[in-house]
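Engineer: Here's the letter readout for the chains.
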Amino acid sequence: MWKAKIQVTLKKSVLDPQGATVEKALKALGYDNIGDVRVGKYLEVVVEGKDNEEVEEQVVEMCQRLLTNPVIEDYTFEVTEV
Amino acid sequence: MWKAKIQVTLKKSVLDPQGATVEKALKALGYDNIGDVRVGKYLEVVVEGKDNEEVEEQVVEMCQRLLTNPVIEDYTFEVTEV
Amino acid sequence: MKPEIWHQLGVKDQEFEMIVNILGREPNYVELSMYSVMWSEHCSYKNSKNTLKLFPTENERILLGPGENAGIVDIGDGLAVVFKVESHNHPSAIEPYQGAATGVGGIIRDIFTMGARPVALLNSLRFGPLEDAKIRWLFGGVVSGIAGYGNCIGIPTVGGEVYFDGSYSGNPLVNVMCVGIMDQEKISLGQAKGTGNSVILVGARTGRDGIHGVTFASEELGEESEEKRPAVQVGDPFMEKLLIEACLELIDMGVIVGIQDLGGAGLTCATSEMASRAGTGMEIDISLVPRREEGMLPFEVMISESQERMLLVVEKESEELVKKVFDRWELSATVIGRVTDDKMVRVKEKGEVVAEMPAKSLADEAPVYCPEMKTPSYIEEVCRLTHSKIPEPADPEEVFLKIITSPNIASKEWVYRQYDHMVRTCTVVLPGSDAAVLRIRGTKRGIAVTIDGNGRYAYLDPYLGGITAVAEAARNLVCTGAEPLAVTDCLNFGNPEKPEIFWQFYKAVEGMSKACQEFNTPVVGGNVSFYNETAKGAIFPTPVVGMVGLLEDLDQRCTIDYKEEGDHILLAGQGEPTAGGSEYLSIIHDLLEGCPPEIDLEQEIKFQNFILEAIRAGLVSSAHDLSQGGLAVALAEGCFKNSLGVQVKLSAERDIRWDILLFGEVQSRAVLSIKPDKYIEIMELADKKGVPLKQIGEVKGKDFNLEVTGPEMRKAINLPLEEIIEKWRGAIECMMEL
Amino acid sequence: MKFGVVVFPGSNCDLDSYYMVKDVLKQPVEYLWHRDKDLKGVDCVILPGGFTYGDYLRPGAIAGFSPLVESVKEFAHKGGLVLGICNGFQVLTEAGLLPGALYLNISLQFRCVFTYLKVENNRTPFTNLTEDRALKIPVAHGDGNYYADPETLTELEKNGRIVFRYCNPEGEVTKEANPNGSLDNIAGICNEKGNVLGMMPHPERAGEELLGSDDGKIIFDSILKFWGEN
Ligand SMILES: Nc1ncnc2c1ncn2[C@@H]1O[C@H](COP(=O)(O)OP(=O)(O)O)[C@@H](O)[C@H]1O
Ligand SMILES: [Mg+2]
Chain A
11 MWKAKIQVTL
21 KKSVLDPQGA
31 TVEKALKALG
41 YDNIGDVRVG
51 KYLEVVVEGK
61 DNEEVEEQVV
71 EMCQRLLTNP
81 VIEDYTFEVT
91 EV
Chain B
11 MWKAKIQVTL
21 KKSVLDPQGA
31 TVEKALKALG
41 YDNIGDVRVG
51 KYLEVVVEGK
61 DNEEVEEQVV
71 EMCQRLLTNP
81 VIEDYTFEVT
91 EV
Chain C
57 MKPEIWHQLG
67 VKDQEFEMIV
77 NILGREPNYV
87 ELSMYSVMWS
97 EHCSYKNSKN
107 TLKLFPTENE
117 RILLGPGENA
127 GIVDIGDGLA
137 VVFKVESHNH
147 PSAIEPYQGA
157 ATGVGGIIRD
167 IFTMGARPVA
177 LLNSLRFGPL
187 EDAKIRWLFG
197 GVVSGIAGYG
207 NCIGIPTVGG
217 EVYFDGSYSG
227 NPLVNVMCVG
237 IMDQEKISLG
247 QAKGTGNSVI
257 LVGARTGRDG
267 IHGVTFASEE
277 LGEESEEKRP
287 AVQVGDPFME
297 KLLIEACLEL
307 IDMGVIVGIQ
317 DLGGAGLTCA
327 TSEMASRAGT
337 GMEIDISLVP
347 RREEGMLPFE
357 VMISESQERM
367 LLVVEKESEE
377 LVKKVFDRWE
387 LSATVIGRVT
397 DDKMVRVKEK
407 GEVVAEMPAK
417 SLADEAPVYC
427 PEMKTPSYIE
437 EVCRLTHSKI
447 PEPADPEEVF
457 LKIITSPNIA
467 SKEWVYRQYD
477 HMVRTCTVVL
487 PGSDAAVLRI
497 RGTKRGIAVT
507 IDGNGRYAYL
517 DPYLGGITAV
527 AEAARNLVCT
537 GAEPLAVTDC
547 LNFGNPEKPE
557 IFWQFYKAVE
567 GMSKACQEFN
577 TPVVGGNVSF
587 YNETAKGAIF
597 PTPVVGMVGL
607 LEDLDQRCTI
617 DYKEEGDHIL
627 LAGQGEPTAG
637 GSEYLSIIHD
647 LLEGCPPEID
657 LEQEIKFQNF
667 ILEAIRAGLV
677 SSAHDLSQGG
687 LAVALAEGCF
697 KNSLGVQVKL
707 SAERDIRWDI
717 LLFGEVQSRA
727 VLSIKPDKYI
737 EIMELADKKG
747 VPLKQIGEVK
757 GKDFNLEVTG
767 PEMRKAINLP
777 LEEIIEKWRG
787 AIECMMEL
Chain D
4 MKFGVVVFPG
14 SNCDLDSYYM
24 VKDVLKQPVE
34 YLWHRDKDLK
44 GVDCVILPGG
54 FTYGDYLRPG
64 AIAGFSPLVE
74 SVKEFAHKGG
84 LVLGICNGFQ
94 VLTEAGLLPG
104 ALYLNISLQF
114 RCVFTYLKVE
124 NNRTPFTNLT
134 EDRALKIPVA
144 HGDGNYYADP
154 ETLTELEKNG
164 RIVFRYCNPE
174 GEVTKEANPN
184 GSLDNIAGIC
194 NEKGNVLGMM
204 PHPERAGEEL
214 LGSDDGKIIF
224 DSILKFWGEN
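Protein sequences appear in the order of chains A, B, C and D.
Just so we're aligned: 24 in the working numbering is position 14 of the first sequence, and the numbers increase by one with no gaps anywhere.
Just so we're aligned: 36 in the working numbering is position 26 of the second sequence, and the numbers increase by one with no gaps anywhere.
Just so we're aligned: 553 in the working numbering is position 497 of the third sequence, and the numbers increase by one with no gaps anywhere.
Just so we're aligned: 144 in the working numbering is position 141 of the fourth sequence, and the numbers increase by one with no gaps anywhere.
Mixed in with the good hints, there may be bad ones.
To be verified - Here are the computed lysine-lysine pairs in the DSSO-like style, where the Cα-Cα straight-line distance is at most 30 Å:
1. D:K178 - B:K51
2. C:K500 - D:K40
3. A:K60 - B:K13
4. A:K22 - C:K406
5. D:K76 - A:K37
6. A:K51 - B:K37
7. C:K697 - D:K139
8. A:K60 - B:K37
9. C:K380 - D:K178
10. C:K430 - C:K458
11. C:K399 - C:K242
12. B:K21 - D:K178
13. A:K37 - B:K21
14. B:K37 - A:K34
What the hints assert, rightly or not - Label pairs and their computed distance ranges (CB to CB):
15. D:Y34 - B:K21: 33 to 39 Å
16. C:I61 - A:N62: 23 to 29 Å
17. C:L377 - A:E88: 33 to 39 Å
18. C:V409 - D:L111: 48 to 54 Å
Rather than coming from a laboratory, the hints here were simulated on the basis of the structure.
Computed from a predicted model, the values in this text were never measured in an experiment.
Note that beta-carbon positions come from the ideal geometry of N, C-alpha and C, so glycine has one too.
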């Protein structure tokens, strides 16, 4: 059994209104030393598979077919055995 | 400069309706070998600070004050130098 | 400059030549980019301009017709209503949530730009069949995108329509309409008046998004569309909510000289249009434009379509006040240039001129084309429908249930329960009736709003389809007790460079114009969306009509639902139901043929006059026009809200078939319910108005009971209301859970 | 009795609450700006619905930090009446004035529908005029799914702090009547002293027959009555 942890963010070139608003809020709370806040999605999926490679391949496929819209989103992920 | 990558998930005791829906959708696409899907939030914050420790401390504080709601959410994070 | 360069930007050879003539030299890349977006179909209407001249645009109520960001109509008490519809079809096809959301954002900006408070949103949607998972993703995404933006910004989405048909499979339609109310004295225009005045850019920072978005909207969807993906943007309804408040506050203070939203073609469009309308020029320095991304080139800044931005022109002395107000709303306002008197748009970067051209040439002097027209070959074939081609079904109940659960007829509650349709507490007739009604605070008045179109009719007969789109919208208003005032339209068609498509377009506009003339409802604004095609062909020609009506007295409003057991049910109007182009023909017989229902405009006007007068005189308890699904569906729809059954008996006079009588479609007809003691009075009124009216049944019990008898024939639908309601209400939800 | 309606960036039912008090209740009312600290001497603070800060991050999260909310906390501790509606309820939980949290509707969709509310405690300042029947009041939200941990829930239950539950028109608390998946159909709760109420449904949208129901007015009338008696 494997667990995939997937981070989905808006593409760099795409406006991230949530990120911008959270950044402002953090600054208003006194955190002046922060910046470049991005807000995205985080997914965990438990996958059964024979090896890391097979699972990774499947995760990529799931991301492209359903979990993200490549038009505006990028993703990264890690797979670990559980 | 440091980048904090924060994963926020609903506590295990809180029902995750998004996770359940995504799981159903994945299964409908033919992925029978998956389960336990959770959907949460992913945040990136760039922080200026002198060392890892200082930055981590600040990230914890930001998470507790604003970025997460401890009533329903858990979080994990990593900090890396950028 | 090499031809590849202008070809790549979609500029034709003769257009490039025109540009050289205007400038007296070759344009540089910045200038070429600016011309390419302003002269695209989306901004210049170069293929449709001539045809749109057919529309009537004036009457005594119209304060402002087409030309500005939205039209304005007088509604009395010193108030005016402002409205417009816009399409966001192409972006929605590849990112349904954000595509639809930014469409909503764009049309709202068009309304508050005029100085109006946006008070309502409507939407008209077309998708392929819901059996397809990709279509469900599109439909679900579009609806939640509209909800996401409209709900957040706090403008109720009070009405709309959704149709599903195979012709929209690869190319959904997402048309959004916004309605605003304003004080007539507060009209503000998109004009850069006053040499020396300051030009201020407010709202969001500028990024690379939507670069060449307008060119994208002016092309067919194909494989390469995927490559142009960054053309889709993410909307920020929160920012726009703040923009509305800040802009309306400044307009209220009277400090705004000119104001325009940044939509398609971004800064290029706003600067050139504002200068051109005022007969002035404008000089800006783009190094002052707040950016979201580093390293943006001048042409990128000039054509970026970043959302939630506005351009203001104010007197120099007002700069500080503007900044103060925007600061209060946590928004940025940056002076980027000034109004000049040389009629040029001059773009500088750090003082150095990077583009310079006559404002008028960008905004108003795009080439105008008169595309060729040719009657498509299918037109003759589809007319040959005869009844012998339509086998008579055996079981009326089965047919009825199939029709009532067809996604085109079924309840759209799955859609509108996701929309906040109550915020602002002015919606007094909620979604689910023929039109929504909004009260106008501080007056006795109300407005009714609707959006309608029938692509199938327009496909079979574009001229008639154009007429009936207007007639149906007007009928929907009249059935709520409102007098139709004016029209905004969204014309969704295929590639106009194909003669058959342009013929559809021309005929539809001709039909709409004729109807608008007859109803005295001028067209005050609208939108043309061409190139709605995929490799599989064009969509149905789909003219969509948004219409606003006025109720002088809100207490006289009327809804479609029966009110009380014992009330009489009457059928008003005349006209022969036909199977042509009907939902019945499509759902039960899988045929797309025939002539859509004929309309006699003179009769239609008499009919609408009668309905309106009867409602105003308080004779009518409910009114609902016959549209898709015919008489049976119209009768049933009155039952749903209050769970009141009916008992109706029809006699098939002449030799009309029962299936056509019940499910065929027809114009100029409505189902009314009345208190029994109003019978004589309403009959007399109908007689006086020359409108046929007869009693066909009464509100009774908990069943839907409909019987047709004729020479040697008796057919009946007798079903518990509860069953019908459950199926009708759940149909779309059921499909979405597939 | 003087009411104050808080305006945060992104509030959008501020106007509705304002008109409810002014035109229907016919009482004085003022807007309170989120950056100010001054409550202008009002007797009841309304935190209206809407999308403060776009609902970004979590509904109500960012608004909870505004200076005005600090004043509202003080006001509440002194027994002042505070009514949080929809997003206002979310602000109250985020700011710690009410326990629990409101998150994504179980349908994952926004819901705008009329709901019926069973009044579980008619002794609060907000419900003292309610009778033994369900109130017809609409909801309009995407995040109204109430959650609290079991101990909190027990405490709320025991002390009559669950004020409203979603029910059917007949007053029965059923699963079908729950529009958002809320724990135990909870639609509204109050603080220990009963002077702070948070509710997801919009009573200000049900203040006139014209709008489909005037049951929401009972809540405002209750506030008036309570204030008159104290
Ligand atoms: N996309 C939508 N958004 C909001 N309301 C909708 C939508 N589609 C349909 N409705 C509402 O559902 C009701 C029925 O729609 P429809 O069958 O198209 O009515 P009609 O035939 O009278 O024009 C109307 O009140 C309409 O406003
Ligand atoms: Mg109708």
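Engineer: So, for every hint listed, does it hold in this structure?
Structural biologist: Going through the hints against the structure:
1. D:K178 - B:K51: Holds, at roughly 29 Å.
2. C:K500 - D:K40: violated, 39 Å
3. A:K60 - B:K13: Cα-Cα ~34 Å, so violated.
4. A:K22 - C:K406: OK: K22 (chain A) and K406 (chain C) at ~26 Å, within 30 Å.
5. D:K76 - A:K37: holds, 23 Å
6. A:K51 - B:K37: Satisfied, since the Cα-Cα distance of roughly 20 Å is no more than 30 Å.
7. C:K697 - D:K139: holds, 15 Å
8. A:K60 - B:K37: Holds, at about 19 Å.
9. C:K380 - D:K178: Violated, at about 51 Å.
10. C:K430 - C:K458: Between K430 (chain C) and K458 (chain C) the Cα gap is close to 38 Å, so the pair fails against 30 Å, i.e. violated.
11. C:K399 - C:K242: holds, 27 Å
12. B:K21 - D:K178: holds, 23 Å
13. A:K37 - B:K21: Holds: K37 (chain A) and K21 (chain B) sit about 27 Å apart, inside 30 Å.
14. B:K37 - A:K34: violated, 39 Å
15. D:Y34 - B:K21: 33 to 39 Å: holds, 37 Å
16. C:I61 - A:N62: 23 to 29 Å: Violated - the Cβ-Cβ distance for I61 (chain C) and N62 (chain A), about 48 Å, lies outside 23 to 29 Å.
17. C:L377 - A:E88: 33 to 39 Å: The hint (33 to 39 Å, Cβ to Cβ) is violated, given that L377 (chain C) and E88 (chain A) are roughly 53 Å apart.
18. C:V409 - D:L111: 48 to 54 Å: holds, 52 Å
Of the numbered hints listed earlier, those contradicted by the structure are 2, 3, 9, 10, 14, 16, 17.
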